[in-house]
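> Read off the chains here:
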Amino acid sequence: MKYRNPQIPEGINTSDRHPLKEFATLAGGAVLLIVALGWLMGQVAGSLAGLLPFEKEMALVPKELLSSDAGPELQAYLDRLAARLGQDMDLPEGMQVRVHFSGNDTFNAFATLGGNILLFRGLVEALPHENALSMLLAHEIAHVLHRDPIVGIGRGAAIRLVTGLLLGSPDLAVLGSAGIYTQLHYSRGMERAADAAALRAVHQRYGHIGGAAELFNILRAERERSGGGEMPAFFSSHPLDLDRLQTITATARQQGWHENGQATPLPAAFNDWMQDAAGRAAIPEGQRQVRSD
Amino acid sequence: MYDLLLLLVLLALGYGFGQYAERRHYRSIVEREARLNALPAIASRYPPAEPHYQHALVTGSTVVSVDYFKRFLAALRNLFGGRVTSYESLLDRARRESLLRMKQQARTLGAVMVFNVKYETASISKGAGKTIGSVEVLAYGTALIPTPSR
Amino acid sequence: MLISNMELLPGRRVVEHLGLVQGSSVRAKHVGRDIMAGLKNIFGGELKGYTELLQESREEAMLRMQQQAEAVGANAILNVRFSTSSVAQGAAEIYVYGTAVVLE
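Chains as they are written, first to last, in my numbering: chain A, 1 to 293; chain B, 1 to 150; chain C, 1 to 104.
Fair warning: there could be bad hints in the mix.
[As the list claims (entries may be wrong)] Below 20 Å or equal to it, Euclidean Cα-Cα: the simulated EDC-like pairs (lysine to aspartate or glutamate) are:
| no. | chain 1 | residue 1 | chain 2 | residue 2 |
| --- | --- | --- | --- | --- |
| 1 | C | K48 | C | D34 |
| 2 | A | K56 | A | E93 |
| 3 | B | K118 | C | E7 |
| 4 | A | K2 | C | E16 |
| 5 | A | K2 | C | E7 |
| 6 | A | K2 | B | E50 |
| 7 | C | K48 | C | E60 |
| 8 | C | K48 | C | E59 |
| 9 | A | K2 | C | E70 |
| 10 | A | K2 | C | E60 |
| 11 | C | K40 | C | E52 |
| 12 | A | K21 | B | E22 |
Quick caveat, the hints were computed from the structure, so don't treat them as lab data.
With the sequences and hints as input, model every part of the structure.
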């Protein structure tokens, strides 16, 4: 009997498929799967979230979370404007809009859970007349009316949950306070619907839509000025300003609305209010007077 | 965003170093296999009785870990099912390395053959995280050491 | 190719021992199967998906072992042993090895 160990050829117990090729196939498949599943879950969660009663949604946001730097006059003015627009837009019973004003010079504005709208001085200061401010407010009120914040957050949470589960790190803390600020990504359709509703409200209030288009011009100018860096939520949203501008003009033509008209000026003391708010924003958080409402 | 960047960096590092280490390991395995070829490892339980041999237990073990890239690949493969190619070479390397170490030990003892060779595989560091990538392979057998004829 | 887990076959004489030959296969089932198996764990019973997985795996491992044996010029593999180990969650390795021999 002979004993020997002949050389066994390489590669029988291993596959010679290139790892990068395999990686590309698998990663592509996984991304597709996650996107498909996330989208599906997002749609489902979004429509379920829309069914949540508004009172429950308001309870999700702690009151002290959003402070306002507005002086009493500015706050009253903004509240009045929002209330009238809300009336025009037929906000249902029990749905309230609360406007908060930040003295910060951030160029932004957004609506979040519980009918809370946050305007920043940076953007508001750049508005030339009340019509543009109304368009901005109406746009945000429309988001509240359409339940976009809760639907958006529901959608985002579902997508994160799905990807988390698939990738092995479920992040369940999506409804934490951080989520309220970070999850505000509205779909193209949501933005379009909000634009359309806002436009109708502005037309109803002023009889023309002259100032509305101005808002988008300002946004576009700011985008060009800032060189397209980090985009604030209001105008990083999908339909680009030019696109939105064209849609507005098209809608106006279709409906036979006047595109130009006398713009309503902002109150005479508006600039002082802005200065006042900026001053308040400069005071450290702890020393501020708490607004009693 | 940073998480994704970190992931990509880890994947690139894993791929680069992993491939390099694997290629080097295979080169060394092939080279040592050729060197130890004259010392056969046999799975049979019945060693030849003649000439007279001394017997000794010899072992060789290896713990190998899989790199980040391959682990990621295996995790992806887990979604779809099928052949986990990225772990094949890991186990192949571990087995051959263990056998070589066993043979090396046999050679130091002056053996000419190893009989009744068996393998034992265990995945260690189980439970730490979801994916494991460390495997221990133990090869053991009985070395036949020729004794001067009486 | 004769494959047997016996070491000696009655009536057949081993002419030459050619050392160890081995085949291995690592496989995973898709997540759907994993989830189903998880559910099945509650109620008990056969995990058909996994039985199938291991069977496929075993066949491939045997095939690979056979390829090695052919490559070294053996006509039989004796003393064949199987071993199964879980390398990672949801992925199992089937390993089979034996002695390649030349039978008379």
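> For each hint, tell me whether it holds in the structure or not.
Status of the hints after comparison with the structure:
1. C:K48 - C:D34: With a Cα-Cα distance of about 11 Å, the restraint between C:K48 and C:D34 holds, given a limit of 20 Å.
2. A:K56 - A:E93: 14 Å, holds
3. B:K118 - C:E7: 14 Å, holds
4. A:K2 - C:E16: 5 Å, holds
5. A:K2 - C:E7: Roughly 16 Å separates the two Cα atoms, so the pair holds.
6. A:K2 - B:E50: 13 Å, holds
7. C:K48 - C:E60: Holds: C:K48 and C:E60 sit about 18 Å apart, inside 20 Å.
8. C:K48 - C:E59: Within the cut-off at roughly 16 Å; holds.
9. A:K2 - C:E70: 18 Å, holds
10. A:K2 - C:E60: Distance of about 30 Å is beyond 20 Å: violated.
11. C:K40 - C:E52: 15 Å, holds
12. A:K21 - B:E22: 18 Å, holds
Of the numbered hints listed earlier, the single one contradicted by the structure is hint 10.
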